[in-house]
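Asks: The residues making up each chain are set out below.
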Amino acid sequence: MANLIRLEHIDKRFHSGTVSETCIFKDFSFMIQTGDFLSVVGSNGSGKTTLLNLICGSLPVDSGRIFLQDRDITKMPEYQRAARIGRVFQDPARGTCPSLTILENMSLADHKGGHYGLSRGVNRKRLDYYKSQLELLCLGLEDKMDLPVGVLSGGQRQALALLISTLTPIDLLVLDEHTAALDPKSSENVMELTDRLVREKDVTTIMVTHNLRFAVDYGSRLVMMHAGQAVIDAAGEVKSRYTMDDLLKAFQQVSME
Amino acid sequence: MEIFLGLFKNVLEEGFIYGIMAMGVYITYKILDFPDLSVDGTFPLGACVTAGLISTGVNPWLACLAAFFCGAGAGCITGLLHVKLRITDLLSGIIVMTALWTVDLVVLGQGDLTGKSLLQFYNQPTIFTSGPMKLLPAGLYKYRVVLLAFLIALAVKLTVDWFLRTRTGLLLRSAGDNPQFVTQLARDQGKMKILGLAIGNGCTALAGSVLAQQSESASVSIGIGMVVQALAAVIIGTSMFGRIHILNPTTMVLLGTLLYKTCLIIAMLKLPSTFLKLTMAILFVAALLTDRVGRKLRRGGVRHG
Ligand SMILES: Nc1ncnc2c1ncn2[C@@H]1O[C@H](COP(=O)(O)OP(=O)(O)OP(=O)(O)O)[C@@H](O)[C@H]1O
Ligand SMILES: [Mg+2]
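Which chain is which? The protein sequence lines are D and A, in order. Residues 1 to 257, numbered by my numbering, are exactly what the first sequence covers, in order. Residues 1001 to 1305, numbered by my numbering, are exactly what the second sequence covers, in order.
Bound-form chain D, shown alone (with noise of 0.2 angstroms):
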């Protein structure tokens, strides 16, 4: 299968040159392929929030190259990447823009990477659309598309966040943790429906969570991160004999080394 993502030999710092420099990747090589759900886990501070964070270029690496399906995007700017990457964050808030109503934040989304130009915000003539798209959430959201994103509650606003993050065809979706500030309920709707999403619109995936059990049913590729290495990366037959306890088992293991 084909390489979407490639990161060859990357070497990643923070604080370089001061006391507190602290080396988070080096000489870290990592593929993502095409059809890929790939889950990631790892303890606290493994740098699975830093390894998305150069994907989608919010970072710049110290050394090593970046490709995007063969195209080196190592120099590009993280809004340029966007266009092909869609990125859901932890914090509900990041997502979508409070003060613009859901109407508003959709049609928005419809036209990334297409033209803004002086046209009016919102095309009456996709309503529908929108309409069919929200009703994909099981929320009822699609009555509400009037009201200002910044009155709903996390779980809405991060279910938004995800169907506005794959309005448009992208490469590749990001996501950081995206059900850890939600409600048990909340959470497992907004997984289930990532996995309806991904499913849906065919769109290669890496999930960054702490919700082992999410990481075991879901996905078809975990990975697991440690001291900025991937020190399980398991795909296919061997992704599906994966349990909870094999995952359990692998955290003490390298938290004891």
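Note that these hints are calculated values from the structure, not bench results. Just so it is clear, the structure is predicted and the values come from calculations on it, not from any experiment. Glycine included, each C-beta is placed from N, C-alpha and C at the ideal position. Wrong hints could be hidden among the right ones.
Claimed, not checked - Ranges between beta-carbon positions, derived for each pair: (1) A/Leu1085 x D/Arg13: 24 to 30 angstroms; (2) D/Ala234 x A/Val1293: 56 to 62 angstroms; (3) A/Lys1191 x D/Pro184: 38 to 44 angstroms; (4) A/Asp1188 x D/Asp246: 54 to 60 angstroms; (5) A/Leu1247 x D/Lys75: 45 to 51 angstroms.
As the list claims (entries may be wrong) - Think about it this way: if two alpha-carbon atoms lie no more than 25 angstroms apart in a straight line, the pair counts; the simulated BS3-like pairs of lysine-lysine are: (6) A/Lys1191 x D/Lys112; (7) A/Lys1157 x A/Lys1191; (8) D/Lys112 x A/Lys1157; (9) D/Lys75 x A/Lys1084; (10) A/Lys1191 x D/Lys75; (11) D/Lys131 x D/Lys112; (12) D/Lys201 x D/Lys239.
To be verified - Beyond 10 angstroms from chain D on every Cβ pair, some chain A residues (computed): (13) Leu1012; (14) Val1103; (15) Gly1115; (16) Tyr1122; (17) Ala1138; (18) Phe1163; (19) Leu1171; (20) Val1182; (21) Leu1185; (22) Ala1186; (23) Ser1239; (24) Ala1281; (25) Ala1286; (26) Leu1288; (27) Leu1297.
Go by the hints and put chain A with the ligands onto chain D.
Replies: Chain A with the ligands in isolation, oriented as in the chain D frame:
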């Protein structure tokens, strides 16, 4: 009665002229969350460019347009300093404000590098004395400033309202609210900031241009305290009238400017004119405090986003 009417006319004239600036500052301060001090420099810039152009015989409406674009250009520089050179928002504004002082002197000196701090252009055609204004019936002539200032403020208000509903306008609102969202939409949020600053300072310079044509003169020092006035008007407008849902923000800001000017003019009735800037500063503090108190009173009742 006569005095009262005179004062009322004064409030309206000043309210509408400064209201144009306040709407610009609404864009930078409220929408972009950018405390933009370059306003103190772009207001006189608009006035000086207008004086310079009109006294060389340029059409006064063209002078308004030129003032707008000069202000927008200066706003772009503030934005570039902040976005590209990563200078803080306050300092970027101060730098541009300081630099514009020299520009204003040279513009008023009409190219003479020794500069000039005051330029009068009495008897030259202005927007208040030429064109359609000549057609006003004699009885309305003394209200021409109020009328025209109102029409210009209204035109600016409607344009800003329209713009904020366009796609780019929605993006601008997101850039202030959640810059990360703009990035996720594959847009450069820095560029949106620069655009907002350009529009805000364009409006400010336009207000300066209108004021210069009303007084048929421009001086480099008229900008002192503009930020304070405009922010006070914006804050009063949005906090006093914010609960009336049928009003949109630009209307609130215009009403806020009128209210602010009323307070200022009443306060100055008994005070010597030297106390003007002190009064402006005190009114600004009062506006900030009422805003805070109002917010406390409202807390619980209003959902926060
Ligand atoms: N912008 C930054 N500046 C300085 N240090 C950083 C920065 N981002 C991350 N770090 C450091 O890098 C290390 C890895 O952080 P990272 O956020 O990637 O961990 P993580 O695996 O996502 O952890 P968590 O599970 O807690 O989210 C941490 O020690 C953190 O302090
Ligand atoms: Mg993290």
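Asks: With reference to the structure, classify each hint as holding or not holding.
Replies: Right, here's what the structure says about each hint:
At about 25 angstroms, the beta-carbon gap between leucine 1085 of chain A and arginine 13 of chain D stays in the expected band of 24 to 30 angstroms. Between alanine 234 of chain D and valine 1293 of chain A the beta carbon distance is about 60 angstroms. The supplied range of 56 to 62 angstroms therefore holds. One distance hint, 38 to 44 angstroms for the beta-carbon pair lysine 1191 of chain A and proline 184 of chain D, holds here, with the actual separation near 41 angstroms. Under the hint 54 to 60 angstroms, the C-beta atoms of aspartate 1188 of chain A and aspartate 246 of chain D, about 45 angstroms apart, miss the expected range.
Between leucine 1247 of chain A and lysine 75 of chain D the Cβ separation comes to about 47 angstroms, which falls inside the hinted range of 45 to 51 angstroms. A threshold of 25 angstroms between alpha carbons decides the hint, and for lysine 1191 of chain A with lysine 112 of chain D the separation of about 16 angstroms falls inside it, so the pair holds. For the given pair, lysine 1157 of chain A sits about 23 angstroms from lysine 1191 of chain A by alpha-carbon distance, which is consistent with the 25 angstroms threshold. Restraint check for lysine 112 of chain D and lysine 1157 of chain A: the C-alpha separation of about 28 angstroms exceeds 25 angstroms, so the hint is violated.
Distance hint between lysine 75 of chain D and lysine 1084 of chain A is fulfilled; the C-alpha atoms sit about 17 angstroms from each other, no more than 25 angstroms. For the hint pairing lysine 1191 of chain A with lysine 75 of chain D, the CA-to-CA distance comes to about 19 angstroms; that is within 25 angstroms, so the pair holds. Between lysine 131 of chain D and lysine 112 of chain D the CA atoms are separated by roughly 18 angstroms; this keeps the pair inside 25 angstroms, and the hint holds. Distance hint between lysine 201 of chain D and lysine 239 of chain D is fulfilled; the C-alpha atoms sit about 23 angstroms from each other, no more than 25 angstroms.
Its beta-carbon lying about 31 angstroms from the closest one in chain D, leucine 1012 of chain A satisfies the requirement of being farther than 10 angstroms from that chain. Once the 10 angstroms rule is applied to beta carbons, valine 1103 of chain A is consistent with being away from chain D; the minimum gap is 30 angstroms. Glycine 1115 of chain A, annotated as away from the interface, keeps every beta carbon of chain D farther than 10 angstroms; the closest lies near 39 angstroms. Every beta carbon of chain D lies more than 10 angstroms from that of tyrosine 1122 of chain A, the smallest distance being close to 40 angstroms; the non-interface claim holds.
With a minimum CB-CB distance of about 42 angstroms to chain D, alanine 1138 of chain A clears the 10 angstroms threshold, and the non-interface call stands. For phenylalanine 1163 of chain A, the condition that its CB be more than 10 angstroms from all CB atoms of chain D is violated, with the nearest at approximately 7 angstroms. Remark: the non-interface label on leucine 1171 of chain A conflicts with the geometry, its nearest Cβ contact in chain D lying 6 angstroms away (cut-off 10 angstroms). Consistency note on valine 1182 of chain A: stated as away from chain D, yet its beta-carbon is not over 10 angstroms from all of that chain's, at 8 angstroms minimum.
With a cut of 10 angstroms on Cβ distances, leucine 1185 of chain A falls inside the contact zone with chain D, its closest approach being about 5 angstroms. The claim that alanine 1186 of chain A lies off the interface is violated: its Cβ sits roughly 4 angstroms from the closest Cβ of chain D, which falls inside the 10 angstroms cut-off. With a least beta-carbon separation of about 17 angstroms from chain D, serine 1239 of chain A lies farther than 10 angstroms from that chain, consistent with its non-interface assignment. A cut-off of 10 angstroms between C-beta atoms confirms that alanine 1281 of chain A is not in contact with chain D; the least separation is 31 angstroms.
No Cβ of chain D comes within 10 angstroms of the Cβ of alanine 1286 of chain A; the nearest lies about 27 angstroms off, and the non-interface call holds. For leucine 1288 of chain A, the shortest C-beta to C-beta distance to chain D comes to about 22 angstroms, beyond the 10 angstroms cut-off, and the non-interface label holds. Distance to chain D confirms leucine 1297 of chain A as a non-interface residue, since its nearest Cβ pair spans about 20 angstroms, more than 10 angstroms.
In this structure, the earlier hints numbered 4, 8, 18, 19, 20, 21, 22 are contradicted, and the remaining ones agree with it.
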